[in-house]
Amino acid sequence: MSALPRAVAQIQSTAIWIVVTLAIYALARWGYARTRNPLLNPALVSIAAVIGLLSVTGTPYAEYDRGGHLLSFFLGPAIVALGVPLALQLGEIWRNVRAIAAATTAGSMIGILAGVGVAAALGAPHDVVRSLAPRSVTTPIAMAIALRIGGIPALSALVAISTGVIGGVIGPTLLRSIGVTSRLATGLSLGAAAHGLGTARATEEGDVEGAASGMAMGLNGIVTALLAPAVVAILAILFGSRF
Amino acid sequence: MMALRSLFGVGRFSFGLAILLLFQLLGSWLVSVAHAAVPGSVVGMMLLAAALHVRIVPMSLVRPTADFLVRHLALLYVPAGVAVMLYAELLREQWLAITSAALASLIAVLVVVGLTVQRLERRAAVLP
Chain A
1 MSALPRAVAQ
11 IQSTAIWIVV
21 TLAIYALARW
31 GYARTRNPLL
41 NPALVSIAAV
51 IGLLSVTGTP
61 YAEYDRGGHL
71 LSFFLGPAIV
81 ALGVPLALQL
91 GEIWRNVRAI
101 AAATTAGSMI
111 GILAGVGVAA
121 ALGAPHDVVR
131 SLAPRSVTTP
141 IAMAIALRIG
151 GIPALSALVA
161 ISTGVIGGVI
171 GPTLLRSIGV
181 TSRLATGLSL
191 GAAAHGLGTA
201 RATEEGDVEG
211 AASGMAMGLN
221 GIVTALLAPA
231 VVAILAILFG
241 SRF
Chain B
1 MMALRSLFGV
11 GRFSFGLAIL
21 LLFQLLGSWL
31 VSVAHAAVPG
41 SVVGMMLLAA
51 ALHVRIVPMS
61 LVRPTADFLV
71 RHLALLYVPA
81 GVAVMLYAEL
91 LREQWLAITS
101 AALASLIAVL
111 VVVGLTVQRL
121 ERRAAVLP
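Residue numbers (the working numbering), protein chains in the order written: chain A, 1 to 243; chain B, 1 to 128.
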């Protein structure tokens with residue numbers, strides 16, 4: 001094949017995989033909007049559908065990602081964009097600063113330690129263990145943290161989305177069963193444990209819960225990004241290469 | 001007229017995107033200077049929130065772009081998530097460790113944060 005047709009073919013396959021991703025995502029969102037079933041999470045369904053399509057067509061990931069990485073490029077600015085809701089919430093955060101500071105530091109620390117601790121105890125290799133450190137934060141931040149601390153970003157994404165879905169489904173029931181009735185506590189807990197998906201559920205519980213959850217989610221992303229590298233570094237010094 | 005307005009919209013979107021990218025660069029630069037393992041984009045997010053709060057950057061400049069990106073956040077991480085297919089074997093071997101660790105972390109955070117905040121509130125309510 002001469003250079004020009006090859007370039008055209010490359011541009012075509014790049015365009016095709018972006019269009020396919022957009023179409024699958026649009027369909028997944030439509031399906032979710034119709035069923036309102038939290039297990040049909042659009043991101044999870046889209047990822048599964050794209051993987052299925054790539055397997056069926058025998059397309060390697062590298063070829064898909066020629067188009068895909070054009071979407072991934074916007075993850076960085078999208079994380080920065082989360083500064084906008086954070087700025088809008090600052091006044092409200094300041095009014096509940098004690099509860100929120102406690103929720104985010106305790107939540108972030110426990111989330112990191114339980115994730116990496118259990119994974120290491122069950123014999124998972126180094127990169128898997130580190131992928132579990134940012135489990136409780138919003139998916140793009142979880143991937144960014146994984147990339148910086150030697151985890152597998154895609155695995156962190158999968159774990160963050162799945163536990164977010166589960167947290168949204170079981171969270172309120174679990175909290176009631178252990179006697180948590182406060183609306184502030186319920187919201188902060190859902191946001192700290194299950195990021196955006198916990199926040200979506202918290203918003204259904206009530207507007208106090210929703211607002212609290214959004215704040216806990218935003219701050220947990222920041223606190224975990226700051227803590228996770230230090231925590232895994234200390235664990236590696238104390239307990240060796242498993243961490 | 002419509003075309004002109006949408007052109008204006010594209011311009012505003014690009015300008016907002018440029019500001020977001022600028023903050024990302026600033027964050028990455030700070031992180032590399034400090035030799036920290038913190039993602040530059042997260043530092044950029046903190047800087048943007050601060051800049052918006054003290055009104056160095058007007059909210060109206062970034063809000064349309066930011067709202068758009070945040071609304072479609074899930075779409076943006078689909079390709080990066082698809083990369084799990086490269087780790088199929090690792091997932092098959094380690095699925096038990098991964099699911100146990102993930103669920104333990106989820107439940108621990110839910111319980112600890114819920115109980116801590118509720119206790120703090122009760123204590124604050126008892127004290128004057």
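Hint data in this document are derived by calculation from the structure and do not stem from the laboratory.
Treat the hints with care, since some could be wrong.
[Said to hold, decoys possible] One-sided and incomplete, this derived list gives chain A residues near chain B with beta-carbon spacing under 7 angstroms:
1) V19
2) V20
3) A23
4) L82
5) R95
6) L132
7) I149
[Claimed, not checked] Stretch-level coverage of chain A by chain B, calculated; a stretch enters the list once three of its residues show a Cβ under 8 angstroms from a Cβ in chain B:
8) 7-14
9) 100-106
10) 224-232
[As the list claims (entries may be wrong)] Just a sample of chain A residues kept apart from chain B, beta carbon distances all over 10 angstroms, derived:
11) T57
12) D65
13) F74
14) P85
15) R148
16) L155
17) G171
18) T203
19) G210
20) L235
21) I237
Just so you know, even glycine gets a beta-carbon here, dropped at the ideal spot from N, CA and C.
Do the hints match the structure? See the list:
no. : hint    : result
1   : V19     : 13 angstroms, violated
2   : V20     : 10 angstroms, violated
3   : A23     : 11 angstroms, violated
4   : L82     : 5 angstroms, holds
5   : R95     : 13 angstroms, violated
6   : L132    : 5 angstroms, holds
7   : I149    : 6 angstroms, holds
8   : 7-14    : violated (count 0)
9   : 100-106 : holds (count 3)
10  : 224-232 : holds (count 3)
11  : T57     : 13 angstroms, holds
12  : D65     : 6 angstroms, violated
13  : F74     : 5 angstroms, violated
14  : P85     : 7 angstroms, violated
15  : R148    : 5 angstroms, violated
16  : L155    : 6 angstroms, violated
17  : G171    : 6 angstroms, violated
18  : T203    : 15 angstroms, holds
19  : G210    : 15 angstroms, holds
20  : L235    : 14 angstroms, holds
21  : I237    : 14 angstroms, holds
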